[in-house]
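J.: Got chain A; can you put chain B on it based on the hints?
Each chain, written out:
Protein chains: 2
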Amino acid sequence: MDTTVGPLGLTFREARREDLPRIVELIRDDAVAAARTGELAEAHSRGFEAIEASPNDELVVAERDGVVVAVMQLTYIPGISRNGATRLHIEAVRVAAELRGGGIGRRLMEHAEERGQARGCGLAQLTSDAARADAHRFYEGLGYAASHVGFKKPLAHGPG
Amino acid sequence: MDTTVGPLGLTFREARREDLPRIVELIRDDAVAAARTGELAEAHSRGFEAIEASPNDELVVAERDGVVVAVMQLTYIPGISRNGATRLHIEAVRVAAELRGGGIGRRLMEHAEERGQARGCGLAQLTSDAARADAHRFYEGLGYAASHVGFKKPLAHGPG
Numbered sequence: 322m323d324t325t326v327g328p329l330g331l332t333f334r335e336a337r338r339e340d341l342p343r344i345v346e347l348i349r350d351d352a353v354a355a356a357r358t359g360e361l362a363e364a365h366s367r368g369f370e371a372i373e374a375s376p377n378d379e380l381v382v383a384e385r386d387g388v389v390v391a392v393m394q395l396t397y398i399p400g401i402s403r404n405g406a407t408r409l410h411i412e413a414v415r416v417a418a419e420l421r422g423g424g425i426g427r428r429l430m431e432h433a434e435e436r437g438q439a440r441g442c443g444l445a446q447l448t449s450d451a452a453r454a455d456a457h458r459f460y461e462g463l464g465y466a467a468s469h470v471g472f473k474k475p476l477a478h479g480p481g
Numbered sequence: 322m323d324t325t326v327g328p329l330g331l332t333f334r335e336a337r338r339e340d341l342p343r344i345v346e347l348i349r350d351d352a353v354a355a356a357r358t359g360e361l362a363e364a365h366s367r368g369f370e371a372i373e374a375s376p377n378d379e380l381v382v383a384e385r386d387g388v389v390v391a392v393m394q395l396t397y398i399p400g401i402s403r404n405g406a407t408r409l410h411i412e413a414v415r416v417a418a419e420l421r422g423g424g425i426g427r428r429l430m431e432h433a434e435e436r437g438q439a440r441g442c443g444l445a446q447l448t449s450d451a452a453r454a455d456a457h458r459f460y461e462g463l464g465y466a467a468s469h470v471g472f473k474k475p476l477a478h479g480p481g
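Residue numbers (this note's numbering), protein chains in the order written: chain A, 322 to 481; chain B, 322 to 481.
The following block holds chain A by itself, in its conformation from the complex (with noise of 0.2 angstroms):
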C-alpha cells in the first residue's frame, strides 16, 4: 500500500488492531451512523479481525502527524456481470468532523481509486444514506453518479 506522505501531510495505511478505538470514535462521529455504531466492544474487534483475515478486504486509515484523521473499507468484489469486472466497494467512509472541507476526503477517495485500479477493478461502488446530501454532493463532485438505488434490510441472527 502507498505510504508515501502527499501534499495534505497524510499517509495512507492499512488499520493495526490499536487503531480500533480510535476507527469506532470516527465512524460514530456522525449523525447518521452514532445511534446504529454502538460503543467500542466486542463485536468491533472481531469484525476488525474478520477483516484481518480476509483477502479481498482492507481498512485503510489516512494519519497525520501520527493522528489517524480518517478511515474507509474496501472490499474487492469479483463478479460476472458488468463484462466480468472486479468492483471496488467502498463502506464507513468517514473524516475527522474538525478537518472536513479541507481536501482530506478527496485524497482519501483517489486512493481507494489507486487500490481499485492496482487490484483490476473496473468499477468503483458505494451507497450514501439518502439523508446525507452534503456526501451527494461529494461523490458528485468525484465523477460518481447517482444511477443506482440503495436497498438494507436488517438480518434476524439465523441458527448459524
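Among these hints, one or two may not hold up.
Identical chains share a label here; the pair holds if one copy fits it or two copies do between them.
Think about it this way: if two alpha-carbon atoms lie no more than 25 angstroms apart in a straight line, the pair counts; the simulated SDA-like pairs of lysine to any residue are [claimed, not checked]:
# : residue 1 : residue 2
1 : Lys473    : Leu444
2 : Lys473    : Arg367
3 : Lys473    : Ala354
4 : Lys473    : Arg337
5 : Lys474    : Ala413
6 : Lys473    : Arg338
7 : Lys473    : Phe459
8 : Lys474    : Asp450
9 : Lys473    : Glu370
Keep in mind the hints are simulated off the structure, nothing from the lab.
T.: Positioned in the frame of chain A, the structure of chain B alone reads:
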C-alpha cells in the same frame, strides 16, 4: 448450502464452471444490463474463477428440472460500522425472463437471507439501477428499505 427442493421445485446450489454460459445469458437478458454485460468471453471466466477462489463470495444458481432458472451473487462483507455487523451484499440477481412473476425471485431472495443468517450477517444490502421501477417494488415488498443512494464510477485500468 441448502439443496432441498422446495414448493416451486427449485434447487439452490453454488454455480459450477459449466453453468457459466447460462449465467451470462441470464445476466444479459435484461434491458438495463445487456450492453454492459458483454458476450460470454474470457473476462467472465476470470470473474468466475475469482469468485470460486474467494472465501467471501458465492455465485448461487436456482435449478428446476435440470435447468438453471435464476442466479445471484452473495458477498459477505465484514465490518466495523453497524456495530461490527457482517453485511450480506447481493449482486446480479436475475430470474429467467419467461418465468418472472411466478415467485422464483422471492424464493431466491429468501435463500439469500438464509445464507446470510448462516454466515451471521446482521444486514442485507443491494443496489438496483434507478431505471428498474419493478425491481424496486419487488425489494420493498420483501422488507427492504430504499434508504440509500447508490453511486458508481468507472475506473480506468491502472498499472496493476
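J.: Next step is simple, just say for each hint if it's right about the structure.
T.: Comparing the hints with the structure gives:
no., hint, in the structure
1, Lys473 with Leu444, "both (21 angstroms within a copy, 7 angstroms between copies)"
2, Lys473 with Arg367, "within (22 angstroms within a copy, 29 angstroms between copies)"
3, Lys473 with Ala354, "both (14 angstroms within a copy, 22 angstroms between copies)"
4, Lys473 with Arg337, "neither (29 angstroms within a copy, 29 angstroms between copies)"
5, Lys474 with Ala413, "both (17 angstroms within a copy, 17 angstroms between copies)"
6, Lys473 with Arg338, "neither (29 angstroms within a copy, 31 angstroms between copies)"
7, Lys473 with Phe459, "both (22 angstroms within a copy, 13 angstroms between copies)"
8, Lys474 with Asp450, "both (13 angstroms within a copy, 18 angstroms between copies)"
9, Lys473 with Glu370, "within (24 angstroms within a copy, 28 angstroms between copies)"
Checked against the numbered hints given earlier, the structure breaks hints 4, 6 and satisfies all the rest.
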